[in-house]
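Heads up: take any position in the sequence shown, counting from 1, add 14, and you land on my numbering.
No wet-lab data here; the hints were simulated from the structure.
Heads up, the beta-carbon is just placed ideally off N, CA and C, and yes, glycines get one too.
Hints are not guaranteed to be accurate.
[Claimed, not checked] Simulated crosslink set (BS3-like; lysine-lysine; CA at most 25 Å straight-line):
#1 K226 with K153
#2 K153 with K490
#3 K376 with K446
#4 K446 with K490
#5 K490 with K271
#6 K233 with K153
#7 K153 with K228
[To be verified] Label pairs and their computed distance ranges (CB to CB):
#8 T246 with G273: 43 to 51 Å
#9 F466 with D223: 36 to 44 Å
#10 A373 with V332: 24 to 32 Å
#11 A180 with L499: 43 to 51 Å
#12 G273 with G124: 44 to 52 Å
#13 H501 with Y272: 24 to 32 Å
#14 K376 with H501: 48 to 56 Å
#15 G124 with D61: 36 to 44 Å
#16 Y272 with G206: 37 to 45 Å
#17 K271 with F198: 39 to 47 Å
#18 I192 with Q372: 27 to 35 Å
#19 R496 with F282: 36 to 44 Å
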Amino acid sequence: MGLPALAVILGAFASFSGFLFGYDTGYISGCKEMESFIRTFGTLQPDGSYLLGSGRDSLITSILSVGTCLGALCGSIVGDRIGRRFGIVFYICLFFIGVACQTGCKSLAGFAIGRVFAGLGVGGTSCLVPLYQAECSPKSIRGLVVSAYQFFVTVGLLVAACVVYATKDRPDNSAYEIPIGIQFVWGALIIGGMCLLPESPRWLLSRDDHVKAKQSLSKLLGQSEDSQAVTTEFAEIAANLEHERSVGKATWADCFKYGEGKTRLRIFTGMALQALQQLTGVNFIFYYGTSFFANSGISNPFLTTIATNVVNVGMSVVGMVAADRVGRRPLMLYGAAGMAVSQLIVAAVGVAVSQANQAGQKVLVAFCCIYIAHFASTWGTLAWVITSEIYPYELRGKGMSLSTATQWLFNFAIGYATPYLVDDVPGSAGLKTNVFWIWGGCCCIAFVFAYFFIPETKELSLEQCDLLYRNSTVLKSAAYRRQILEHDIHDDEIMHYSANKGPRTQHIEEDPKQAFQPETVA
Numbered sequence: 015m016g017l018p019a020l021a022v023i024l025g026a027f028a029s030f031s032g033f034l035f036g037y038d039t040g041y042i043s044g045c046k047e048m049e050s051f052i053r054t055f056g057t058l059q060p061d062g063s064y065l066l067g068s069g070r071d072s073l074i075t076s077i078l079s080v081g082t083c084l085g086a087l088c089g090s091i092v093g094d095r096i097g098r099r100f101g102i103v104f105y106i107c108l109f110f111i112g113v114a115c116q117t118g119c120k121s122l123a124g125f126a127i128g129r130v131f132a133g134l135g136v137g138g139t140s141c142l143v144p145l146y147q148a149e150c151s152p153k154s155i156r157g158l159v160v161s162a163y164q165f166f167v168t169v170g171l172l173v174a175a176c177v178v179y180a181t182k183d184r185p186d187n188s189a190y191e192i193p194i195g196i197q198f199v200w201g202a203l204i205i206g207g208m209c210l211l212p213e214s215p216r217w218l219l220s221r222d223d224h225v226k227a228k229q230s231l232s233k234l235l236g237q238s239e240d241s242q243a244v245t246t247e248f249a250e251i252a253a254n255l256e257h258e259r260s261v262g263k264a265t266w267a268d269c270f271k272y273g274e275g276k277t278r279l280r281i282f283t284g285m286a287l288q289a290l291q292q293l294t295g296v297n298f299i300f301y302y303g304t305s306f307f308a309n310s311g312i313s314n315p316f317l318t319t320i321a322t323n324v325v326n327v328g329m330s331v332v333g334m335v336a337a338d339r340v341g342r343r344p345l346m347l348y349g350a351a352g353m354a355v356s357q358l359i360v361a362a363v364g365v366a367v368s369q370a371n372q373a374g375q376k377v378l379v380a381f382c383c384i385y386i387a388h389f390a391s392t393w394g395t396l397a398w399v400i401t402s403e404i405y406p407y408e409l410r411g412k413g414m415s416l417s418t419a420t421q422w423l424f425n426f427a428i429g430y431a432t433p434y435l436v437d438d439v440p441g442s443a444g445l446k447t448n449v450f451w452i453w454g455g456c457c458c459i460a461f462v463f464a465y466f467f468i469p470e471t472k473e474l475s476l477e478q479c480d481l482l483y484r485n486s487t488v489l490k491s492a493a494y495r496r497q498i499l500e501h502d503i504h505d506d507e508i509m510h511y512s513a514n515k516g517p518r519t520q521h522i523e524e525d526p527k528q529a530f531q532p533e534t535v536a
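Let's have the full structure, built from the sequences with the hints guiding it.
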């Protein structure tokens, strides 16, 4: 059976929200190097020139992440209350307010307020879009659909670099106003796309709207409501939701309880995963890449930034395809190792050669690109896939909020601290390329984390992912996943066993199907 057409549309339009994330991250790096921007938001120097000091640079860059962190934390509340789809539209409207402030305000305070509102929009959608995609996608292509979000992040970064390059030489404020103002178009496209898509069937079931849930599931699977595929999927979702409800209404405090579902482990995994994704140093390159390459002696830092973004986009496609073919766990291990080696080589080259050594600078740029290739094809795409599928249903929204907010918190910390770490001016550490020793060390930690905490969930439904966590361990997850798929175990079978034979927590690692055979009736 081919891919349902609506699943492809879902991957395209919902994922386009990632474009906002990438574009908003990408344009600020180039805009800060424009003369008109520095003249508007910098400070006048005694010699008549203008300077965007480390403090203002940090504020302009990192204040976005204050809004994104708040938006992500509130994402589950908004998404659980008004739905995944309309929650995304709500956050796009907040994003529009931010874009308007950034385009029209000529004061640092007004621009910063705009960055906060834009951050609320980007943070909220970064929480709800992967969640919406995971809940609506067929399990066979869930990795592809959810990783499409990160693909559009990379496309946004690339388009931002190209737009900035095209406007950077304009003599007036339009040089930076055009890259900012054009975001109204991107947001309008997302709202239009969301009007074509159905609501999450899992959210509709949580609201006890069974009729609309089945209709939504039918559209997403491309089959009639009474088909076997729709009936089976509907029963599986309903069974899992019923079990979650049987243990009581989920609260924020439940996120940090262990219990039979190992909830605390799953929440920690998601939060640590997103934190480590930021600590690999990727946003150092995309936030400060233009100025970093300029200070490193690269002749055309704007074109170098575009080149790194092209690599980012191309390798994200590789990650999208590999997610459902190679699997989550091996890709995360390989990616962490590749990133660590690349970052450490950049650090060593930066220490060993001078800025005047052109061959050394080309090596530096080359290994930055190799690092980005490893990031984009593994940790960049898969972090969103993994965090969207590892949480139990009743806590899925809250889990996504916590993990996404953690990402934005570390994004803020790195964005704010980087100028003070890198700049060679009084009051800053002046590390320059030595900062890559830090990123390389964090990539080594990421490898250890991936080995002990990332399970293999390829081709499992969200309900089967829950089963895997309840009855297996991370290190045995690949073998247990194969057993689930070989025996085609669904959550409705698990519920039947729970009702007739005993507790759900019985381990079934030796023969999962045997554990769920119904009792023989005399």
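Check: If you check each hint against the structure, which ones fail?
Finding: 4, 8, 15 and 19
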